[in-house]
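The residues making up each chain are set out below.
Number of protein chains: 4
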Amino acid sequence: MKEKVVLAYSGGLDTTAIIPWLKENYDCEVICCCIDVGQKEELDGLEERAKACGASKLYIKNVVDEYVENYIMPTVQADAVFEYKYLLGTATARPLIAKVLVDVARQEGATAICHGATGKGNDQIRFELGIKALAPELKIIAAWRDPKWTMDSRESEIEYCRAHGINLPFSADNSYSRDRNIWHISHEGLELEDPSCAPNYDHLLVLSNSPEKAPEEDVHLSIDWEKGVPVALNGEKMSQREILEKLNEIGGQHGIGIIDIVENRVVGMKSRGVYETPGGTILMEAHQQLEELILDRETLKYKRLVSVEFAELVYAAKWFSPLREALTAFVDKTQEYVTGTTNFRLYKGNIIKEGTTSPYSLYDEDIASFKTGDLYDHHDAEGFITLYGLSTKVRAMKLNNKK
Amino acid sequence: MKEKVVLAYSGGLDTTAIIPWLKENYDCEVICCCIDVGQKEELDGLEERAKACGASKLYIKNVVDEYVENYIMPTVQADAVFEYKYLLGTATARPLIAKVLVDVARQEGATAICHGATGKGNDQIRFELGIKALAPELKIIAAWRDPKWTMDSRESEIEYCRAHGINLPFSADNSYSRDRNIWHISHEGLELEDPSCAPNYDHLLVLSNSPEKAPEEDVHLSIDWEKGVPVALNGEKMSQREILEKLNEIGGQHGIGIIDIVENRVVGMKSRGVYETPGGTILMEAHQQLEELILDRETLKYKRLVSVEFAELVYAAKWFSPLREALTAFVDKTQEYVTGTTNFRLYKGNIIKEGTTSPYSLYDEDIASFKTGDLYDHHDAEGFITLYGLSTKVRAMKLNNKK
Amino acid sequence: MKEKVVLAYSGGLDTTAIIPWLKENYDCEVICCCIDVGQKEELDGLEERAKACGASKLYIKNVVDEYVENYIMPTVQADAVFEYKYLLGTATARPLIAKVLVDVARQEGATAICHGATGKGNDQIRFELGIKALAPELKIIAAWRDPKWTMDSRESEIEYCRAHGINLPFSADNSYSRDRNIWHISHEGLELEDPSCAPNYDHLLVLSNSPEKAPEEDVHLSIDWEKGVPVALNGEKMSQREILEKLNEIGGQHGIGIIDIVENRVVGMKSRGVYETPGGTILMEAHQQLEELILDRETLKYKRLVSVEFAELVYAAKWFSPLREALTAFVDKTQEYVTGTTNFRLYKGNIIKEGTTSPYSLYDEDIASFKTGDLYDHHDAEGFITLYGLSTKVRAMKLNNKK
Amino acid sequence: MKEKVVLAYSGGLDTTAIIPWLKENYDCEVICCCIDVGQKEELDGLEERAKACGASKLYIKNVVDEYVENYIMPTVQADAVFEYKYLLGTATARPLIAKVLVDVARQEGATAICHGATGKGNDQIRFELGIKALAPELKIIAAWRDPKWTMDSRESEIEYCRAHGINLPFSADNSYSRDRNIWHISHEGLELEDPSCAPNYDHLLVLSNSPEKAPEEDVHLSIDWEKGVPVALNGEKMSQREILEKLNEIGGQHGIGIIDIVENRVVGMKSRGVYETPGGTILMEAHQQLEELILDRETLKYKRLVSVEFAELVYAAKWFSPLREALTAFVDKTQEYVTGTTNFRLYKGNIIKEGTTSPYSLYDEDIASFKTGDLYDHHDAEGFITLYGLSTKVRAMKLNNKK
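Protein chains in written order, with UniProt numbering: chain D, 1 to 403; chain E, 1 to 403; chain Z, 1 to 403; chain F, 1 to 403.
Calculated from the structure, these hints are not laboratory results. Accuracy of the hints is not assured; some may be wrong.
Intra- or inter-copy, both count: the list cannot distinguish identical chains.
Unchecked claim - Okay, derived cross-link-like pairs now, DSS-like style, lysine-lysine, Cα gap no bigger than 27 angstroms in a straight line: (1) Lys-333 / Lys-139; (2) Lys-398 / Lys-85; (3) Lys-139 / Lys-237; (4) Lys-85 / Lys-51; (5) Lys-85 / Lys-301; (6) Lys-398 / Lys-4; (7) Lys-57 / Lys-40; (8) Lys-398 / Lys-301; (9) Lys-227 / Lys-246; (10) Lys-40 / Lys-227; (11) Lys-333 / Lys-301; (12) Lys-402 / Lys-301; (13) Lys-57 / Lys-2; (14) Lys-333 / Lys-227; (15) Lys-333 / Lys-398; (16) Lys-139 / Lys-51; (17) Lys-148 / Lys-4; (18) Lys-61 / Lys-23; (19) Lys-333 / Lys-85; (20) Lys-402 / Lys-333.
Just chain D, same shape as in the assembly:
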């Protein structure tokens, strides 16, 4: 009996060409696995297509809810942003895809997993570290890096398919290189390859209006949170996925969450991309809006440091790692009281806060206002400053006459 290889399959030209290539070069049975993380691709007819190309089976796995609940929300709770701006849309989806591939491989008794990620990107690393972490016994075939792989253009892939009896209508494609899921869509290539160029937003945007094309009328929203995750939108209970979908729609309409960055890939090069993350941007902002009211100063400060580390790790393919898990344990503890309601409105690319409430708010109007009360006497500040500034004063006394 032939060995089985599970292929991460999208239905596109690249992964389709891999099917006959695998069979030819590895003499194996190919199990295609298409993992739905909200990329909204056409899944109709995928099964026929895979079979026509020689796959022995196609799995279609919808893991959108799992993606939102177990990958996105921990990232929101961590306030994790990579390099000032990137909300980690691709970086959070890859490990889940790796996990599903591993699950299918185990179920099928496969000995290898194959992916078609490029040899210059982050995603190959994210797929492979995910697989190594979960199933170190599985072989990994990175088709594009494989010495046996000879195709180097869409044309040669189409050619190869035809030569192996696959006659599918693949268009010549010279659009952006994109990755989409329920959290975001990324765009690379074309004019973006020159960082001195402004993005061609008219051509490029998929999920969003640009701020200019957003409605003149703002929209008011409220999100209810429990322990750091959203539970209702405008007072209506919904699943986390439903809230995100709704926010994507509204946020996209109002031009929220379009960013344009040059980032540092794990493989050591800078690359430039545009990301649309409408709902995600709103969730991140609203989550911070609520944390302002709940977290004490020291926790908030330290959490900012943890956020940076969390983002770096996840970007760098270490979702399934002891450090990421320990950081999540830290974050979870901080979210215990992150419960309340955040009000805001969207207007042409802006998220404008309109008040926040929480049963666990540490804001105390009596203390904060300009009156003196029970808890705090203006004169206490005297002793506070004396001690708070003591080392400053002593240092100045000791050093000033030595300089």
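On the provided structure of chain D, position chains E, Z and F as indicated by the hints.
Below, chains E, Z and F alone, put in the same frame as chain D:
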């Protein structure tokens, strides 16, 4: 001869009332010192006013350029933001004010410095730690915390002034509590004291249009940078102060940089404020835009951590501290190559990047694009991932069968 | 009925004098509470003594096991060391003492807690923040800082006691100021107040021999660990307290864990102390010895940063704080596999490792030795270094001709 | 004319065999370069040997002073320790070796640099990243990873040498794998490959006595420091190198600085080594001893975090990197006042402090002792604690009744 006290004087009711109060309670000569950090207050007639109230002298010190160059720019270079959002406008100005007060005190041979900051705020601490750091021998009189201070309302201050022969036209004031300088204006009080309320922007904004009221037409800008500081706007060489003033004007018009936050004061309480920082917000964004192209991944990551510490320290009144100075030495080193041009446009609250260039850009189009070249062969990724993921794989092998 | 005040009572002169002072100045009933954290003080006759001084009740609470398990061990697991050296002996005990005082106060329906800590030290802050965190409604009386407190010497305290009918034999004391519990003993005062003086170890040491006086013969020990806590000594299962007691005895004999430091107190001054922590030093070392084998590089690195923060927080009286709890959640997660056996020997102040084993060791002899194997081919290093060094090389290429 | 290759040459079998191998496989002229960083190898006759093996030239570069001043001392000032214990002896020398190789290559007009480091270690990475950072245009030949390299044992290397007319007396060697320089010697291999084994110190130690074999008599030492570097030993001015050599001698005699660790290599595996760093351990300790007196609490805390990062970077081959340079700028600033004298004695593996003095000491006996003085009134602590604990108390009030 009487001892001299230098008073931080604004010309407002609070600091005016302090003049007779100091003379009565400390039997001293009062030297008023008004420090111009760009607050755009009416300085005409200030001298007469101070004298009329019994001051023996008034200094007016314009230190706007020093403020921009030595306090604001190091903060921009540090990308320092307090608690997600606050750009440290008040926190950076206070230490310079303390420094000027100390300079005047030394010049005059004064033995004490007096300020009128409230006993619940951060500013008393910033003034006093600044003075302790620079002149530990000087006595500090915090009028409002002084046991001899008995006035507890504007009315009682006006009363006290009259009783001491000062008849000046002070209006009853029940507006926001504000602090303004060339970098920002802050607003506290009134409806802002309830964090569940949306700010009344129509009433509140001083420097800016709200995004709604901003022009329909966007504006394109470019800033040239050298070693992390701006040197030209739209190709025209200007001083840092001139660039900031121009950006304040344009940014304010286009609704840039209005934030609404609940923050954690040094004295242990949460407070809520709205800040307008139009030019500052643009400078911070554009600075990061340029750093994206220049800084390698490790430096950028670590700098984000340093930014958090820098912001915490400056907020917490430690501008003149060995740690702040050491962090600045770190930051300075990172700015060596932060030279180039940032293009962007402003539209109704949005800053939209339009391309970045630098002679020191680390972005390399040849590597980043999808071709294989000299520097990097797709197959190198094979070895990279094997080693990069080695500990992940070994850990999985060792632990998977133990769990 | 009079209000009740719970007094943290040690039986010494200071806290004894507080009993009549409280009754006189606060017209209250005094409930003494003596909390045993392993300080090995003479508790016999304490009840009579307290009663003789006018206390209405004495609680003696032995919380040594709770101290070891819930306060010391989390600190060991965190590898927390303050300012290079201090193992936090006093800092971990104070919050537990505060907790017991609060428990007694609630049980008794008391309205206040009184302590006799000095106004210059850290302990007043640790007691009081502990009480504020657990029972914000309770009043705190800090006798020595109380304006009504007038005694300023041992003599005046003895005098005051006599005047209130208390005739107990208190010796004139001019020894070191000490704090002892099961984890450590600290020494301050006398020659230690001059940091240029060497400590007089002959006079000073209580728990330990100096290395010179330690036996010529070494002693071999092994500790078994489960999830980061010790469970057996030399193969014999014991409670954590028993292990610590035994290690104190053996470690003290062999001169382990004597340190001499100048530290930075929370109140802003430097102070100098000598600490003996024989068993604790062994536990901390052995814990790290095991972690070396278990933790991956990234976790170990980040844990070192968390250790610093943990130590700072605990030193600074924030045991009961959301950040300390979140850091502990992080640490707990890292300890999941910290299970194994650490062998070492003690010889005249030295802890010398003698081999470590763990079922979860990530050390792999096959990979580490100089042969090439399945998991790792020497040639993989080629690709690794190309990518790992890519940004370094590109930067050099881009900048070298610009400098 | 043939191209020139600069070979990092030690005179040992491995690098000797590379000479004919390079000529055969790369048809080049071989320039040998032996870099003396204090490894105390036999350099006599090296030139003849190199020539006899076919090298066209031999450089011997003594860079011990440069190594001590520009690589070791910045590491001491940074208090940089990798993974709890390792003082970075090899990691700091490799970049300097790379720099000298680059200098020679440029002087000679060579086009490549060749090294003989193993494909499993850190050193290949340190050499190569050093070269990439300084001379990205140079080709790097890693002989042992080269596909053309076929020798896989000492025997085959000796064989290869003979076949190429080189008849030198190379002993069969089955000792530890060692790296030595003026800072340390490392040992790997043999029994150390099994982490459950105790090291065979009798067999292993090169620079040091074990504590047992150290003299019964202690030795008293003092080091004078200026701005964080040692300038005198026992009152006698010496160069940094001389001080280190003298401390190596005395420290080695007294059993100081022997460590046994399992560390995480950059290439993803754990390895186990024993390090002797006698003088280095003393310098690091004494440096911290002085910093205790000079650094304020915040600087000391942050410097501990920077130390971790510095150590990680240097271990990970990033000496020549913008981040390492920026961290050094931070550290330099903190060393401005690290001037003074540290007294201590050595006794059988122990470094025992005996008093520290500095003109810039922040320790103030008057404040630290138990009296109340001008700078600090016990009652000031009242206000301090009220504000310092305010957020703790408010949080408890707000949450206690919600839990």
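Self-check item: Hints violated by the structure (numbers, ascending)
Solution: Hints 1, 3, 4, 10 are the ones this structure does not satisfy, whereas the remaining hints hold.
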